[in-house]
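Trainee: Okay, here's what each chain looks like letter by letter:
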Amino acid sequence: MTEALLFMFGLGAACGSILSIASKIFYVYEDPRIAEVEGFLAGANCGGCGYAGCSAAAVAVVAGKAPPSVCIVAGPESATNVARVMGVDAGAAESKTSSNKCQGGDRAEDIYFYMGIRSCQAVNALFGGKRECDIGCLGYGDCVRACLFDAIEIGPEGFPVIDEGKCVGCGACERVCPKNVLSVTTLRDRLLHFNQEDDCLAPCQQTCPAQIDIPKYIAQIKSGDYDGAVRTIRDRNPLLLSCGRVCPHPCEDFCRRGIEDEAVSINQLKRFVADREMHSGKRIPVPCAPDTGKKVAVIGGGPAGLTCAYYLRRLGHDVTIYEAMPELGGMIRYGIPEYRLPKKVLDWEIEGILNLGIRVHTHVKLGIDFNLPSVVAAGYDAIFLGVGAWKDYSLKIEGEDLPGCYTGIDFLSRIASGETIPIGRRAVVVGGGNTAIDCVRTLIRLGAEEVYILYRRTRKEMPANAVEIEAAEHEGVKFIFLAAPVRVVGDDQGNATHLEYLKMELGEPDASGRRRPVPVEGSETLLEADMIISAIGQQPEITFKEEGKRVQSLKTTRWNTIDVDPETLQSSIPYIFAAGDAATGPSLVVDAIGGGRRAARSIHLYLSGQAVTPPEKALFKRHIPGTLFDSVPGIQKIPRIPMPELPVEERICSFVEVDQVISEEDAKKESSRCLDCGRICYNKDAAA
Amino acid sequence: MGDYILLAISCILVNNILLAQYLGNCPFLGTSKKMETAVGMAMAVVFVLVLAGVITWLLETYVLKAFGLEYLRTIAFILVIASLVQFVEMFLKKSVPALYTGLGIFLPLITTNCAVMGVCLINVNEEYTFMQSLVTSFSYAVGFGLALILFAGVRERIILGRVPRPLQDTAIGLVTAGVLSLAFFAFKGMA
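One line per chain: the protein sequences are A and B, in this order.
Everything in the first sequence is counted per our numbering, starting at 1 for the first residue and increasing by one.
Everything in the second sequence is counted per our numbering, starting at 1001 for the first residue and increasing by one.
One or more of the hints may lead you astray.
If you want the footprint, here are the derived chain A segments under chain B, 3+ residues with CB under 8 Å [to be verified]:
1) 418-432
2) 611-623
Pairwise CB distance ranges (calculated) [to be verified]:
3) A:ALA125 to B:ALA1171: 26 to 36 Å
4) A:THR186 to B:PRO1166: 56 to 66 Å
5) A:PHE9 to B:ALA1171: 29 to 39 Å
6) A:ALA125 to B:THR1129: 55 to 65 Å
Rather than coming from a laboratory, the hints here were simulated on the basis of the structure.
Beta carbons: idealized from backbone N, C-alpha and C, even for Gly.
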């Protein structure tokens, strides 16, 4: 016993002393920071970072070959600690996640029979895969095998499904996928992605000016994930409550079901989930990227300005909005009447955007209370101009200054601000656009006995939304087509009493493709009217250009809009960007929203010191060739859910919202009408 | 000389440490998913096993046997092998940094490899001479490497195949190892 103890003690002592002597002799100087850095790494030796174990990663960090955020398992806290050891800024330690862009899986037809090795790389080598779709998932699961964290599996539909809880964003799946189906991206990448030629895009998504992932949110509604649907829409459009009410939904014109049947009621579904969130009383949290410390001034708080501010804030910038009117919202507050978009709804929506941490100054007008040089002097790194188009074109006819004559936007915004305007007995609105329709429907609600619309072409050429024209008709508006105003006739006191107009006929088509109206000689007619509103279009007010030398170099077009690069929305002054009506002239709310996000991308590039260039392979309002079909075989006709609306008697005497929201049951039904299209594939089960 | 060759062949093929004696299964399954790691592990095992075989033979002959302390063999070997690996790691880091980075993470992993311990104990049990234990240590290590590399090659191909869900990954690995082992048992007939 004693000798055993002695022996073990001796052996231990010998080994210990040899090792300690050896550690002295074979001492290699090692940067003490390596050990310190290694202490903050996860210690899992997973190799997800691309280095052989954590100590190798620590060596790479200290050698400056790897960023402090190298460890994909330990998360942002580790990155901050490592950055502290290294004495550098942690930078954008944004977490990355993998997402699958292909929802098609097995739906695309096979073009040949494949019996080779079950590997995506292998089948891709044969004419880019056996499927008809040249961008879609091949389904052999190279990504599943590449994933070290067991976060991917091939779902029942034949395409990879990612478990976001397990995904650490290492990028192994993205590297191994030959089709670029999986992308490992940060929040910033996702928010700034624009439709590309090689994306899997359904026709509706290609058409939407805001580029919302429509098939995705409809699928989420179908599966009952209403919060997910709201998040999907919010990644592309922060004004979903407003758009759900007023958008003329160009997407529905390209709906594949619409080729054989009625189109899916996309916008009503959007409104359904948006209203649901509002009525639940609980806002769905909106994630933002880490702060960057850059300051941006957004001038104009309309849809373009709000959208741009929203995305810049989500990208981590410090945003301040300057608004000329007493409240935010721009044209959607002051141009769209209460019965189409209630102010309470708009307030709730804007509050949600401002809650992200956006500062606002209202009642300050560019060119009067402040000017562009003062914004630059205040230390803003970039400026977004979203001043809209508020200046009504005048009719340029005799007598249009008489009392009783108004202009469209001026009239609507004064009503929206709560002003009382004496309403005439017989009112005439000149123009055929949405502003004109908004004016007549407002006049009816304010008690005008007879309301006329005077338009120089025919109903077919009216630029207003068809549903709006129809609603105005139901409410008792009378239409006078093919008529152009000549002069306003006043009485002895100078009040307007009549509008004289010339009858027109349609001649040759003009540049816009519409037939040009030609006056009929000697057809002057007098229309009795004591209130005349001209709503024949607007242009931006750019009087602010007179302030300061620097701003005079800001280029504008002959329509008084700000001259910007159509794809980057950068103006002739590099730090000034513009979108919305101020850049495009009067257009849709959803166009302004798309523009706001596009401008936010360019501003982000500008602020992070990168070249402000349009995204590569950007689609930019074009459609992908071959994705618009002539026919869709096998469609069983299912009628579209009708829009619930207030009866005419109830609505013409109040400003209560006319269009109502659809029920949950109807939303489920309508969402199951969606064919869940991809680029060329669609869900054939949903068609039958 | 012929005896040594016979001994080597018996250690590499007939009594393969992995497939006939079932020692060192953790690194066998753990590092055989990729050819690259399998080769790294095989190299490290050859290096350490030869050193460990020599040192433990010396310890057994000149210390344990001399003082009649054979019953302390296992614990003494564990201590010596662990220290040896540590020592080798320090030595390589200073003198042969290229080899150190090449062997990388596998060197410290070997501390827990039961094949190393097993070979040292076999050497002593069979009462080999110094030269014989040198040859067996080297040959067992080569056998380990051979089996590991063969197995890694097979597993790299299995990944491309259609494996039923319950059998995926380690399960099919063990089945394959069983089949490989059967193949190696054929060498028993040669002896």
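Trainee: Each hint should be assessed against the structure and marked as holding or not.
Mentor: Verification of the supplied hints:
1. 418-432: Coverage by chain B is violated here, the residue count being 0 at a Cβ distance below 8 Å.
2. 611-623: violated (count 0)
3. A:ALA125 to B:ALA1171: 26 to 36 Å: holds, 30 Å
4. A:THR186 to B:PRO1166: 56 to 66 Å: Since the Cβ atoms of THR186 (chain A) and PRO1166 (chain B) sit about 37 Å apart, the hinted range of 56 to 66 Å is violated.
5. A:PHE9 to B:ALA1171: 29 to 39 Å: violated, 46 Å
6. A:ALA125 to B:THR1129: 55 to 65 Å: holds, 57 Å
Violated hints, listed in ascending order, are 1, 2, 4, 5; each of the other numbered hints is respected by the structure.
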